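Student: Listed below, chain by chain, are the residues.
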Amino acid sequence: MKIHYDVEGGEFISAGVASSKLKKTLKQLGISPNVIRKVSICMYEAEINMVIHADGGVIDVEITPENIEILIKDEGPGIEDLDLAMQVGYSTASSKAREMGFGAGMGLPNIKRHSDGMKIETKVGEGTKLELIFNIK
Amino acid sequence: MEEIFHSVRLDIDKCIGCTDCIKRCPTEAIRVRNGKAHIMDERCIDCGMCIRICRNHAKKAVTEPLDSINDYKFKVAIPAPTLYTQFRNVVDPNIILTALKRLGFDEVFEVARAAEIITEESKKILAKGKIPKPVISSACPAIVKLIQIRFPSLIPNILPIISPKEAMARYAKKYLVRKGIKKEDIGVFFISPCAAKVTNSKQPQVIDESYVDGVISLKEIYLKLVPVIKTIKEPEILQMSSNTGIGWAHTGGEGYASGIENHIAVDGIENVIKILEKVENGKLDDVNFIECLACVGGCLGGPLTVENCFVSSNRMDRIKKFNENNKDNYIKRNIPLFDEKIDLYWSKPLQTKQVMKLDDDVEKAIEKLEQLEEIYDMLPKIDCGSCGAPTCRALAEDIVCGKAHIEDCVFMLRQKVRDMAEQMVTLAQKMPPSISKENTNGGTKII
Ligand code: SF4
Ligand code: SF4
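Protein chains in written order, with the UniProt record's numbering: chain L, 1 to 137; chain U, 1 to 447.
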């Protein structure tokens, strides 16, 4: 099954809506708590990233009995140095975002650690595409 | 399957089916069917939200009547500290404890004192650092159930320690048996501000058996205590607890007592849900301890209390001040109650309860979810509640689970009636050719 979410940019307060909804859906499917937690952490992190850096974007989720695939796409500024962004603690978040406690630089490394597969494509000036996969069984 | 016990019940005669309660239930456990509210047992966490919401007083918590203490030869009251805050102009806990004895109890032991012991034990577990952070308090049974149902991935974070009331019941029984009273003669009664604590005494999930023999609602005992309290001039010295234990009744009290740094205290079930969402998103693992209480104000705001929780909170401050000024009194009651060795830990793990799932088989669940989305798309999404479900989404869920029909939605019903009416008009226009005024021959209409 496929689910689509639109994520608005700049809305720090409402960030996390898509991850909350997805979590509820996964609970309805009886997915194991452990997998739900991993998905929650990654989805929320990605959603926040999108809000902070990219003025929103879209999230498409496909769930099969075997796995959960999440495609997160934005048309933001893209990531200049991907290797750097993958380092724990590195962040380019705006001071506004930091003041609100976001952008501590945990995003991508955290996502990588909690997903069963991660692919990232990014182009400066064009945006970022993040593909995540989680095994259900 | 074992039958599920709940303290929260419906008084069917009083319910007018107004749908107020269905909308505020944190686990979407209530539906209105045939004009009456209906609680889904497997989802109810006994938080008492509906008791508070219902203006017709149709939701209530079932507790034992005071008379039931007479089933036992030796009657013990273990009051929750919230009881102390319910009486105007009474700040000395000894007065209330003495009054309880006058109501017919042979002995009173404060749950607040056991809370202090639990605090000490909690500190030890937290220091070991084996439970994933943030550690979540297990003190509020409604929250433990909420986690079990809505946040099962957080079960490992819960502090696996028994509640103060349970600890007190165990200490009391052991102590009295040692003093020569027969175990079967002892009846331990918890005086409760809380419906969830009634439920978890009747049907504990993490221990084999509760040592609490009955739960009496604070409301009921309040009415009986008021006249007695007035007659007490010289109270007995019965208090053993200090401000640390008494403060547990209030939001933040447990965290304060344990002296744990970097902790969050949150009350009100909707606020708790927001915090637990954050924990589930991995956003609070830098916090050591989270104390979550379902009621606003903590147990001071429990559904079985009498006084407004903000007023109670003011009383709590005054009681604490009084205790500060009378520190010597409670030292006087120094009995070897806590010399006993009792187990303060859960004896079995908390099981996950996937009550939200649509089907046991993932494949089928996905199918149902797809149907659910389709149905939801058709619904007006205004969550009016007229169908008896809290939201349009919940109705869609009920429909795929075969528990409701799409026509339960008044808008869908109206739409359907309109479609039918249109069809009827079209049909009515189709006259048999013999009497039809329409002459289709040649295409010219003869009027
Ligand atoms: S709030 Fe619920 S229990 Fe009370 S009258 Fe309305 S439907 Fe019935
Ligand atoms: S806050 Fe206290 S009274 Fe309210 S549900 Fe929890 S334990 Fe019961």
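Hints were generated in silico from the structure; no laboratory data involved.
Keep in mind the model is a prediction, meaning the values are calculated, not measured.
Mixed in with the good hints, there may be bad ones.
From the structure, some residues in chain L lie toward chain U, with a derived Cβ separation under 10 angstroms [as the list claims (entries may be wrong)]:
#1 I31
#2 R37
#3 K38
#4 S40
#5 I41
#6 M43
#7 Y44
#8 N110
#9 K112
#10 K129
#11 E131
#12 I133
We treat Cβ as the ideally placed atom computed from N, Cα and C, and that holds for glycine.
Student: Hints first: check each against the structure and report whether it holds.
Tutor: Hints, one by one, checked against the model:
no.	hint	verdict
1	I31	holds (7 angstroms)
2	R37	holds (4 angstroms)
3	K38	holds (9 angstroms)
4	S40	holds (5 angstroms)
5	I41	holds (4 angstroms)
6	M43	holds (8 angstroms)
7	Y44	holds (4 angstroms)
8	N110	holds (7 angstroms)
9	K112	violated (13 angstroms)
10	K129	violated (22 angstroms)
11	E131	violated (20 angstroms)
12	I133	violated (16 angstroms)
Of the numbered hints listed earlier, those contradicted by the structure are 9, 10, 11, 12.
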